[in-house]
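This is what each chain is made of:
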Amino acid sequence: MKNCLRLMLLIGMLLLALCSGVYAGEAPVASLEALTDVQKYNRAIHIMAMLLVGFGFLMVFVRKYGRSALTATYLLVSVSIPLYFVKESLFAPAAPATIIDTLILAEFAAASLLICAGAVLGRMKMQQYLFLGILFVPCYALNEWLVLNGGLGLISGKVVDTGGSIVIHAFGAIFGLAVAASMTTRQEYETAIESDENSDKYSLLGSMVLWVFWPSFCAALVAPADVPKTGVNVILALCGSTLATYFASVKLRGKISAADIANATLAGGVAIGSTCDLAVPGSAFMIGILAGVVSTFGFAVIQGKLTDWSKKVDTCGVLYLHGLPGLLGGVVALFVASGINVGAQLTGIMVTVVTAAVTGLVSGKVLAVMGRRVAPYVDAEEFDGEEGEEDVVMAIAAEEPIA
Amino acid sequence: MKNCLRLMLLIGMLLLALCSGVYAGEAPVASLEALTDVQKYNRAIHIMAMLLVGFGFLMVFVRKYGRSALTATYLLVSVSIPLYFVKESLFAPAAPATIIDTLILAEFAAASLLICAGAVLGRMKMQQYLFLGILFVPCYALNEWLVLNGGLGLISGKVVDTGGSIVIHAFGAIFGLAVAASMTTRQEYETAIESDENSDKYSLLGSMVLWVFWPSFCAALVAPADVPKTGVNVILALCGSTLATYFASVKLRGKISAADIANATLAGGVAIGSTCDLAVPGSAFMIGILAGVVSTFGFAVIQGKLTDWSKKVDTCGVLYLHGLPGLLGGVVALFVASGINVGAQLTGIMVTVVTAAVTGLVSGKVLAVMGRRVAPYVDAEEFDGEEGEEDVVMAIAAEEPIA
Amino acid sequence: MKNCLRLMLLIGMLLLALCSGVYAGEAPVASLEALTDVQKYNRAIHIMAMLLVGFGFLMVFVRKYGRSALTATYLLVSVSIPLYFVKESLFAPAAPATIIDTLILAEFAAASLLICAGAVLGRMKMQQYLFLGILFVPCYALNEWLVLNGGLGLISGKVVDTGGSIVIHAFGAIFGLAVAASMTTRQEYETAIESDENSDKYSLLGSMVLWVFWPSFCAALVAPADVPKTGVNVILALCGSTLATYFASVKLRGKISAADIANATLAGGVAIGSTCDLAVPGSAFMIGILAGVVSTFGFAVIQGKLTDWSKKVDTCGVLYLHGLPGLLGGVVALFVASGINVGAQLTGIMVTVVTAAVTGLVSGKVLAVMGRRVAPYVDAEEFDGEEGEEDVVMAIAAEEPIA
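Protein chains in written order, with the UniProt record's numbering: chain Y, 1 to 403; chain P, 1 to 403; chain H, 1 to 403.
Next comes chain Y alone, as it looks inside the complex:
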């Protein structure tokens, strides 16, 4: 298995060397263009903060699996971004994207992969996350090509999905659920996923970092003149889902759930994605409220029932944060975007669902062949120095005379 990975790394290196051509079409002389690209670069950095600190810490809510979640985040980002560059240089269209656009598209792929990984978090060996990334990127790129670039001529019109409600969020979530469907074992199903005060706070940190930089995610590739409007729409949608999540959480559970607050608050960002540059403030705020209610209902009501019924575990509840709000965002575009091509939009959603489900199921089967963890949801199995918890007891005990 290691040789296999090394081979892939080697191939990666060779292909990356090919990639050098990516720089050819660049070097803008006109300064306004250069400054515009630097502003895109800046939003690309914001997205990177979401990928590592945001998604990474959001997944630290599994209290004994925090270091693994963060390490997996590092690996998933580091495998998917170079792979997307390789893909871009292999299948460069007639008018290749600039290097900064390619970076942002690669980050979108990484975001979708991290969403996908949330569904099976804690139940794969570390190497399997890498393989998941290697399997995911081509499937993601296939769907991107089919839905956004007219691949195979499946969709004749323009699909409205600027911030990726459909092709990033819904695709990642459904792919992840399909992988989980192939992989959940009885032991995993029966092992409780524990969180505590501290893991909740880390999770809220990740959540807030995602909230803060979400406008840059949605506005990443938008023209300069549309960036402020897009940013405000995303912020108002997030405000809407945050308020709605609080009310729905208290209503549905009787008390506030930290998990709802960390997750469903973000549903507005997911759902506004498709129409982030087309909505007006009022509709953005209302889309956010709707998404927050749907997402919180998912976490508070559907998750438990669906898990019991299906005997499958969706560790982070990606169906409720990314899947349903993503589909909602794609459908809502029909009412918000004027002059939208209804047929194209609906076909785009359907193609995404089918592609994600099929490629996800197949990927899950492939990953299942590589074996599985003995003990789910704990760092101890793969991390060094796992005397950790015991460690502290020892250390304190040994120091009692000093203290």
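These are calculated hints, taken from the structure and not from any lab test. On a predicted model such as this, the values are computed, not experimentally measured, just so you know.
No distinction is drawn between identical chains; accordingly, a pair holds when it is met within one copy or between any pair of copies.
Straight-line Cα separation of at most 30 Å, DSSO-like style, residue types lysine-lysine; simulated pairs:
#, residue 1, residue 2
1, K125, K251
2, K125, K255
3, K255, K64
4, K305, K255
5, K255, K365
6, K125, K312
7, K251, K365
8, K255, K312
9, K64, K311
10, K125, K365
11, K365, K305
12, K311, K365
13, K312, K251
14, K305, K251
15, K365, K64
Given chain Y, work out where chains P and H should sit, using these hints.
Using the frame of chain Y, we list chains P and H on its own:
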């Protein structure tokens, strides 16, 4: 009460729908202008990082109230920003602000509200934070209108307050103290506010995020050519207060206090606000040193005495971080800004103090009617899933008489 | 000692007052230039996030020394940035840098100082960190002058080091090791440096913040048109080192080490520094892989042996994260940068190594005169309110039956 909130949300939605007109005056064709607005957008994102991650985690120093502090932060931001947009569309002046300027002004209001909430942190039910926001925003906007936009003709000249020492920091702190004056109970006064190693670290995280992005807060609405100078002034002021805080903390307490380091280090940013674009590096650094000394003296010496004397609790010590340094910044402008209108500046400060105190007291009375928490400063009362930690169970058990 | 520091602060203030002239050459009228400077400002903020949140939390891996590490970070940044401004105003060249370039150069100095401090972390009193900063900045500026600005005519050609592999990373690390060589005591050598689950997570937070903003560090002073390319190179190098670190860590240790993941993942950023604007994606990725392997080998294999052999402690392992990868980056430039002046590059590296070692050793002797801590690696000695620790003892004790 819930119906009441729902009604307000509904009104919010309707008004937001009205807000659509905000986009009308936009769509700049000239690219230099568009790029300038994107740069403002970028600073708006920096401010958002301060609001959520910065203020949010700074308040996690109350160790058993961390999740509540973060949730309250989410709600306060999410209620104040849409409300400010509603206000803007209702009372649009002849020359309405661009959407990105409105966003930044809304974030300023949210910052002031978070400062205010710091004074009563841990002593309100979660819904009361929302009401606090609903009461605060109009009062804040009133003061903004009176002091900066010549409302009622109270102030004839220009008040120097680019980064909001007066109208953001001092206003928020005094409003918060006035609310606290209406609300502190004997039990709250007698319950110690506990912090520990971990809550200190979260608090330092929030502090550092505030420090890092503070220059963008002060330079948010500054012309492009003045941004670098403003940024450097703010950074030097923060360096000054950080050094001064360390020396003052050791001098006044004998040991270093993590609370001083997390809070008073930021006083330079508060105090330089008024003159951030007018000072020179030397004066900025010295303003920072002065503010750091004043703030640390407040935390180390005044806070204990004032609490005992007044029997009122200022949970986060906002008087010492935002109140005194904010007023200091407003007064210091008299010496730093050349050609300043002394009368206008002093009147502006006085109007702010009076408006904040009066509207804060009234708001406090209104909030007090809504009842209060049984157990102050603990998440357990309102949060789900408290089984998480044995620790917590133990702690709660020990507190049963109170709960 | 305090009087001494106060004197220095006073001098600092006076000099800063002199600094006002820095603003003279500014106020660009041409808006494209102003916008370019604002974009630099923006990268300067990114670097500030690295300095405080990144370096600060990376050093929190020492579990009982977290608050001290963060406070030291605050002080080191706050002393070095003003000092660098003072230096700049005292030794202004014929064509002085703009204020934003000066800020970025000052941040580079602060970064190098934080690297240096990592070598002796936990073994100096808080005041000594300040003195370390006061001693370090002139030495750093001397080397900067010798290597990059042709000081003394030592180096006749251009040294390729855009992102500071040599003059920032290697210089800081070697200076720090030299200080450590003068300072490590037997007790320090014999005291284990403990980390735990939580301190690992804080460390990973710092690591991720560094990773995210590293492209802005390398591209800080690069021309707008080269920023996207530079950013992509840095990101690909970091992806390379992250993947390599994982494989090397598992290979060399059998299990994953959280310390490797937090540190060696960043080695790609260190090593790509010299050639960040010259490499192509393929070479950037490969430089990252190489650096990740070298760095992980350093942490996993060399560190233990070298510590035992030398009886000197390098607390954060700066030799393996910054020293070796920095030198690697400087040497690799010989193969990557076309038309490079080989003599100048090698001389530049050598001058840096010698200057750092000599000035570091002398600084270490000076600092050693100021005495040392009684108990290394604990907050308790200098921090107020140390009841926190007892708390932990209680909690753990109560849990012993469970564990």
